[in-house]
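Visitor: Going line by line, the protein sequences match chains A and B. Sequential numbering from 1 applies to the first sequence in the working numbering. Sequential numbering from 1001 applies to the second sequence in the working numbering.
I should point out that these hints are in silico values taken from the structure, not numbers from a laboratory. The reader is advised that the hints may include incorrect statements.
Sample of chain B residues facing chain A (criterion: CB under 8 Å; computed from the structure) [to be verified]: (1) P1190; (2) I1193; (3) I1236; (4) S1239.
Backbone N, C-alpha and C define an ideal beta-carbon position, used for all residues, glycine too.
These are the residues of each chain, in order.
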Amino acid sequence: MWQFFHKLGSPKWFFGIANRLMPWLLAAALLLLAAGLVWGLFFAPKDYLQGNSYRIIFIHVPSAFLAQSVYIMMAVAAVVTLVWRMKLADVFVKAVAPVGLLLTFLALFTGAVWGKPTWGTWWIWDARLTSMLILLFLYGGVIALDRSISDEKSAARAVAVLVLVGVVNIPIIKYSVEWWNTLHQPATFKLTEKPSMPAEMWVPLLLSVLGLYLLFGWLACLRMKTEILVREQRTRWVREYISAGRA
Amino acid sequence: MNAEVRPVIRPQSELVSGASAMKAVFARDLRVAFRQRQDLLNPLLFFVMVVTLFPLGVSPEVAFLREAGAGILWVAALLSVLLSLDHLFRHDFDDGTLEQLVLQPQPLFLLVLAKTLAHWVLTGLPLVLLAPVLGVMVHLEGSTIWVLCLTLLVGTPVLSLIGSIGAALTLGLRSAGVLLSLLIIPLYIPVLIFGTGTVAAAADGAAVGGYLALLGAFLVLALTLAPFAASAALRISLSNA
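Construct the entire structure; sequences and hints are all you get.
Guide: Right, dumping it as structure tokens:
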């Protein structure tokens, strides 16, 4: 168990695992995304109220879903960074923060595109839109802080503190904005309840959510590998790896 | 560890307790601030000027100002606290006092809490005292002004406490000012929502107890957690310097 734990902290070991895992992740992600999106965009039934415009849900919901869980994953990694000083944890935070930012932006953008035909406006100061916008700011803050501290170790720990402060605040922000104003429909998936839409709609949605998770996994591995190569460029295994022409 | 091996610097009886160390830090910060009076005045002037911009920039009509006044005052107070945060640790960082504070035997979070409270007394409290005057200028009604002052009284310490984390994280960085705002503004949003929400409820004649209780809950939460985060951040920033 402890041996595994120590191995997990070793960038070189992670590199090997990632290399073996990535093709499978990518293949599974593309398969699920293709199935979910083709089914959702072409074959799922029309919504009786919103017509075809609701189909953007198959992109909107997965990216919104992931945008939030990436922040939670970053918070877990931040705890690991502060408590165990594990190198891989802060590599993870640094590598995925821009991905999280992008996903949050994607969720907001698709939301705006969806809002135009449905609510008649691009933007509404509604609770969930606003809390996603604040999440975008939080990601922006994390990236900005990381970029402005030159020392790698201090940057990692400062960012970890900031991510944890943010994660304490996320529920507070969420509930305060919800009290303040609400128009958005309630969450599509809840773990405790049956989905309120027919199976032909939620199954492709679930497929695309899972597909995007796997794609995120692939992307995280890829970005972490790059970050590791940069950080470990002076070590022997990286030099051998590069000169072998595999990178 | 063996007790005999440990170097004893001072006998136990001479060690200052956490509470009196807090008092000393608090008193010192006030004294230093009163020797630089202009620094105390600047956030207040900024507060008044930002409030002045709204009637000039949007509309001087009584109806608009009465509607938006509480929000304007809250946003102005928030920005003014934000601008003053850079001073919280900066001077002590530059002259090495901060390093000495970190080396004290007392827990760092107590000393950080004392510094943050001093910061609030020097910036937040004057804003609260000035708010009624500006409240009259934006045509808020009598009872609403008092509710506004009450929300600021409970809310500005939260702003100082959350801000101390950002100030500690950005200590010693280039362009720390803008970065500090980027990090902290998202975290200020709940305080702003409930601060202005309370005043809006009061203006509608609704009960404000629940809102104030929530603001109070924010204060308790920030008092409990923020000094820990800020002292962790301070240690990181100092190890970086």
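Visitor: So which of the earlier hints does this model not fit?
Guide: none
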